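Just so you know, the protein sequences line up as chains A and B, in that order.
For the first sequence, full-length UniProt numbering begins at 1 and goes up steadily by one.
For the second sequence, full-length UniProt numbering begins at 1 and goes up steadily by one.
Source of the hints: derived by calculation from the structure; they are not laboratory data.
On a predicted model such as this, the values are computed, not experimentally measured, just so you know.
One or more of the hints may lead you astray.
Identical chains blur together in the list; that is why a pair holds if it fits in one copy or across any two.
[What the hints assert, rightly or not] No more than 25 Å apart at the CA atoms, straight line, and that leaves these computed lysine to aspartate or glutamate pairs for DMTMM-like:
#1 Lys-10 / Asp-145
#2 Lys-10 / Asp-69
#3 Lys-194 / Asp-179
#4 Lys-108 / Glu-46
#5 Lys-108 / Asp-157
#6 Lys-194 / Asp-101
#7 Lys-108 / Asp-39
#8 Lys-108 / Asp-162
#9 Lys-108 / Glu-208
#10 Lys-10 / Asp-45
#11 Lys-194 / Glu-57
#12 Lys-47 / Asp-101
#13 Lys-47 / Glu-208
#14 Lys-194 / Glu-171
#15 Lys-108 / Asp-69
Protein chains: 2
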Amino acid sequence: MNLPNDHIVKSYDEEQHRLVAEIVRMGEMSVAQLIAALDVIERRDEKAARRIVANDEAIDMLEQQISHDVMRLALRGPMARDLREILAGLRIPADIERIGDYAANVAKRSIALVAMPPMPQVQGLRALGRLAAQQVQRALVAYRDNDAEAALALRQDDARLDAQYTALFRELLTYMMEDPRNITPCTHLLFMAKNLERIGDHATNIAENVWFLVHGDAPLPPREKRDETSTVDHA
Amino acid sequence: MNLPNDHIVKSYDEEQHRLVAEIVRMGEMSVAQLIAALDVIERRDEKAARRIVANDEAIDMLEQQISHDVMRLALRGPMARDLREILAGLRIPADIERIGDYAANVAKRSIALVAMPPMPQVQGLRALGRLAAQQVQRALVAYRDNDAEAALALRQDDARLDAQYTALFRELLTYMMEDPRNITPCTHLLFMAKNLERIGDHATNIAENVWFLVHGDAPLPPREKRDETSTVDHA
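If we strip away everything but chain A, and leave its shape as in the complex, we get:
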């Protein structure tokens, strides 16, 4: 790819558009990974799970590529032009990259579950995962459309995901207490649930970056508290 291509250099705006589209595409890859991960838990399909883990590499490489392109564009643009666009263009892919990691970890843990008896909480876990996938989707749309209101709304809804996570967390603890043989599989489900809750947090981060893109450093409205499992002192 060493062809001279200066004569086909895109305008700053065109390149900025292309990058936003690339970031959204990257985000969709991470959502697809998450949905595939939720699917293999149900199907107990080790080969598919390994494929998801391997696919995470593509997202990681895309993040590297995008951050380089964003920086190159930044260095080309007029000084104060869009610090915000540039920062968002670096931060959002970093969040997406983490979402991809969590999705891959869910798939990886599902491999360990294949050897264990089916757990009734898997349904709750999948519901949590679908909600997390929805939150990421909404964040990507808000980013694409530069829609601060939509970003704010999904940020508020993170509380729902947290509540669902907390309920599942308590259910898993109870199930572990009923029978020690449940402890190992439940521990995997606990970490998988935690991964999904973290994906929600990254969707919230993306939303906050969209707010920042639109409103600059104007303070965000307060919102409901996060999950409370860190302070659970009973089962």
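Chain A is already provided as a structure; the job is to place chain B on it using the hints.
Same frame as chain A, now just chain B:
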């Protein structure tokens, strides 16, 4: 702070040095938070734990500040000058910010533990935490000194932290199986251990950014595998 200060604008190099020092300072704050968090687990001191959680805000704000300053500097510098320095200057603070979050979460969970009977595995957890703190310290020194060899060495040593995490993880599972009353406190310790293992991963990320600073996109040597608890299928 609206004084005209153009006449005291620092040179690009001076500003770059100041930013590296700021990033190292930010890293040291996160290490201090981690050490304080390990300390409150031992002392079972709820007030101190809450203070650590509140302090995390300062690290978050510093990351915002640093990323703005790095970008402003980037937009000032000559074109291709140092894409690498700039990217590292944005990525390393993001890793440090996450380390601060994990330290705060360890402190938060220690609050829940105060109400529970003391657990023998707390010593192992603290040892794991000290190793994680060491890894972060080494990463900061490698960054400050631009030392790719030191970065590589600490990256290799992440396998030790992973091994220690895996051992503690198994120990906690066994302890849960012995008595259902151990399940709730052990779950907190499991998540705290996971946080510490993740801190190690972020130290590794910092190390990889130091490698990238020195060697550009030259591939990193292969290294030992990460923790294996995602695939534990027995206790």
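Please work out whether the CA atoms of Lys-108 and Glu-46 approach to 25 Å or closer within one copy, between two copies, in both situations, or in neither?
within (9 Å within a copy, 36 Å between copies)
At 25 Å max between alpha carbons, let me know whether Lys-108 reaches Glu-208 within a copy, between copies, both or neither.
between (29 Å within a copy, 24 Å between copies)
Measure nothing new, just compare the shortest in-copy and cross-copy C-alpha distances for Lys-10 and Asp-69 to 25 Å and report within, between, both or neither.
Cα proximity of Lys-10 and Asp-69: one copy only (12 Å, versus 27 Å across).
If the cut is 25 Å between Cα atoms, do Lys-108 and Asp-39 qualify within a copy, between copies, both or neither?
within (12 Å within a copy, 33 Å between copies)
Lys-194 and Glu-57: within-copy, between-copy, both or neither at 25 Å Cα
both (22 Å within a copy, 22 Å between copies)
If the cut is 25 Å between Cα atoms, do Lys-108 and Asp-157 qualify within a copy, between copies, both or neither?
Answer is between: at 23 Å across copies they meet the 25 Å cutoff, but 28 Å inside does not.
For the identical chains here, do Lys-108 and Asp-162 meet the 25 Å Cα criterion within one copy, between copies, both, or neither?
both (23 Å within a copy, 17 Å between copies)
Status of Asp-101 relative to Lys-47 across identical chains (alpha carbons, at most 25 Å)
within (18 Å within a copy, 34 Å between copies)
Status of Glu-208 relative to Lys-47 across identical chains (alpha carbons, at most 25 Å):
Neither: 37 Å inside a chain and 30 Å across chains, both beyond 25 Å.
Cα distance capped at 25 Å. Does Lys-194 pair with Glu-171 within a copy, between copies, both, or neither?
Answer is both; intra-copy 14 Å and inter-copy 21 Å each pass.
If the cut is 25 Å between Cα atoms, do Lys-194 and Asp-179 qualify within a copy, between copies, both or neither?
Result: close both inside a copy and across copies, 22 Å intra and 24 Å inter.
Intra- versus inter-copy proximity for Asp-145 and Lys-10 (alpha-carbon distance at most 25 Å):
within (21 Å within a copy, 39 Å between copies)
Checked against the numbered hints above, the structure breaks hints 10, 13 and 15 and satisfies the rest.
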